[in-house]
Amino acid sequence: MDRRLAALLQEKFGERLLTPVRQRYDESEIRVALADATDTLRVLHDDPALRFEMLIDLCGVDTGGEMQVVYHLSSSTSGDWLRVIVPGLDRTAPRIASATFMWPGAEWMEREAYDMFGIIFEGNRDLRRIYMPDDYRSFPLRKDFYLADDASRSPAAGVRNMERAGTPADATAATVLRKSPGV
Amino acid sequence: MAITRDPKFSNLPEVQPDGSVQSPATVGNTLWSTDDPRAYGGLPLEAHPNLELARYDATGDGRVDDARWGGALSAIPTKADVVLDLIRANSLWPLLSGLACCAIEMMSTATPKNDIDRWGMFPFRASPRQADVLIVAGTLTTKMAEPLIRLWEQMPEPKWVVAMGDCTCSGGRYKRSYSVVQGIDRVMPVDVYIPGCPPRPEGLIYGMMKLQQLVKDRRGHWPERAIGPTVPKGI
Amino acid sequence: MTQQMRPSLDDPRVAIPAESSWYEPAPIPQTERQAEFLTLREGEMFVNMGPQHPSTHGVLRVIIKVNGEKVVDLDPVLGYLHRGVEKLCENADYHQAICYTDPLEYVASLFCEAAPVAAFEKLMDVEVPLRAQYIRVLTMELNRIASHTLFQGWMALDLGGITPILWAFIERDEIVDMLAALTGQKLLYNYYRIGGVNGDLNHEFMSRLGTWMSRAAAQIDSNLALINENEIFVRRTRGLGVLDAKTALKMGVTGPNLRASGVPYDLRRDRPYLVYPELEFDVPTRDEGDSLARYLVRMDEIKQSIRIIDQVLHEMPDGPVMAKLPRLLRPRPGRAFGAVEGPRGVYGTYAISDGTDQPFRMRIHDPSFVHLQLVGPLTKGNLIADTMAVMASLDPVMGGVDK
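Protein chains in written order, with our numbering: chain Z, 608 to 790; chain G, 75 to 309; chain W, 664 to 1066.
Only chain Z is shown next, with the shape it has when bound in the complex (with noise of 0.2 Å):
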């Protein structure tokens, strides 16, 4: 089952595949380049060999050098699972079409990829913040977005004061551990 999904996949799609088909245990994994990834998409969900007509999880990935989109699809007829991957994203500036006119279910896994990444979904009727509040400026699971713990000063603080760490920011050693007398 696995060899004659890979066989079909590398028949459909070959030249626009940037690596072979991977196959590990029951998942399948193929690799797009940006332009070609609503075409995918598109033919992954019309063609009747393939039909994978359910979209399981859309997702951003921040490499550090680059960004990408990630897409599970399955098929309720057959049973089989694809892993379609998008790379080649700009970190500074991340565009890619939006997979919304195929699944409208998408809408929302693409806001947070927004939110989360700074992905803009070219399409996406609804592109704003969905985790966040609306004024937050960073994107919190980029690879330069920090957490904070009590004695540095990160992105993630943000300008509410309940959001800053405890810890004032000239603090030393001495003063913030309790010394307990005595003891």
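What the hints contain is simulated information worked out from the structure, not anything from laboratory work.
Please note that the accuracy of each hint is not assured.
[What the hints assert, rightly or not] Calculated cross-link-like contacts (lysine to any residue; reagent style SDA-like; alpha-carbon spacing at most 25 Å):
1) W/Lys849 x G/Asp189
2) G/Lys187 x W/Met869
3) W/Lys909 x Z/Phe708
4) G/Lys187 x W/Gly873
5) W/Lys909 x W/Met869
Go by the hints and put chains G and W onto chain Z.
Then chains G and W, alone, in the frame of chain Z:
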């Protein structure tokens, strides 16, 4: 294509040449804050028709506890105090403010197996105007802090706060998160802390019994608390 | 007073303040859909079902645009419980990451652990001992029953009935105490480990399980009779929020919501994991797609879960419950997607490893997140109270929605 962690984007803070750590990348909050002059209709405190409670608090007249003798005699406990406190303690109506997992344990406390109706706390009021205790059960995030504070302000005196669960006591397992308030005592005065993740219903009941003790002893934040909107500035 | 006053529309003799929005300025639409939502036509107004509401299953804010009592449009606002779990998992190692995923779908937290554990086991090529697999199936099905019982109580609560939730919690407390005897915790179990489970079954758990199994079916039937035959419940939910199969597939719906619309897709059958290939059970499916069908599908699933538990108890082999693994886990670089069929749908985790001891990216896919998009389209044209019925029948858990 191997996925590597670019060392430029490591999770350690970058130290600038002058020794300070990288400053936040966020810009000012332009939507709303308590300092915003538009926040209360653009009116100063004295002119706003709905901030009578805040003005009343500023005069200090409301500090007197009506159930006690006035002035120097307030050291004498009267029977009315004791009875009022007993009534309040035995019928603390919580506000339904279950935010996350601890809410399930709070509901479990209200249901027949661990019945909190034995202490008179079964009616979880949906409206803050009818509630006595704000049991904050579940993680408080920075987005939810504003509605929760508004709920707290809308509750009439006397009122108490119970921080249920690790997330409300100190941030809990989300200690380093960017969107979790590290303990609700950053935004409101807390009377009882109940640790646990989630605390067992027996733990919540123990905490509520402690609160009853506080009510009867007139300890805790309520007797000294300000009347009216008490949101810290710049939240 | 320097406040501008105007005569009230209800009674012109009464003067009320002219500007009435103190706290929030009128929102400026940022997107096309938001502009469409914020445009009010004749007779329409906004009603805010705020984050604190007895019936929104947690902290969900729904802005409803109503014309009279009929809902014209709906805009859910999420994020009031966003805890940043994905980011926290990137900064923790593989064992700790499982602990962070527990409180996402807190009523069914074993499924929230099973998915990342499955993904990590694929990354590390770990084989789970057979006894541990059976224990996982057993505990997951128990958790499914507990979750569906809670759903039953909640659905009745949202429609106004107080008794069923009390009965549901009696049921749920029995199961959850059983799991507490096994795992030590009533709600956020933290029981699954990479390569197995934390501890073997003990006597306390088995005795409670035996007692419960002996009367489970009868007890559940009696609970069902209270609600299923209630005319108010049936008339309020029948024909409400009809979701047809084609729309459901386009919206990414999975789980009982999809099965109630006629598509018999169940991960335990179509992409089996653990020991499900060896177990016999049916996949209840209904065609109507309305709220009543979604409710009944879940009730049928409880019965199937009892059947599965029965088979598991008979076929459980002996053996170790944990594979031998080093303490410091460093999988080789790669990607894996682990998914389980949770009580709300396909709960999946996409894990990327870069060869270090921390996951590079741990993406959690929660079904409630996708299902909440349906509340708007399904409630158009119905009354405000029907919003609650539709939302309850979709069974969202805000911990998972907001991550």
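_Output the indices of the hints that this structure fails to meet, ascending._
As far as the earlier hints go, only 5 is violated by this structure.
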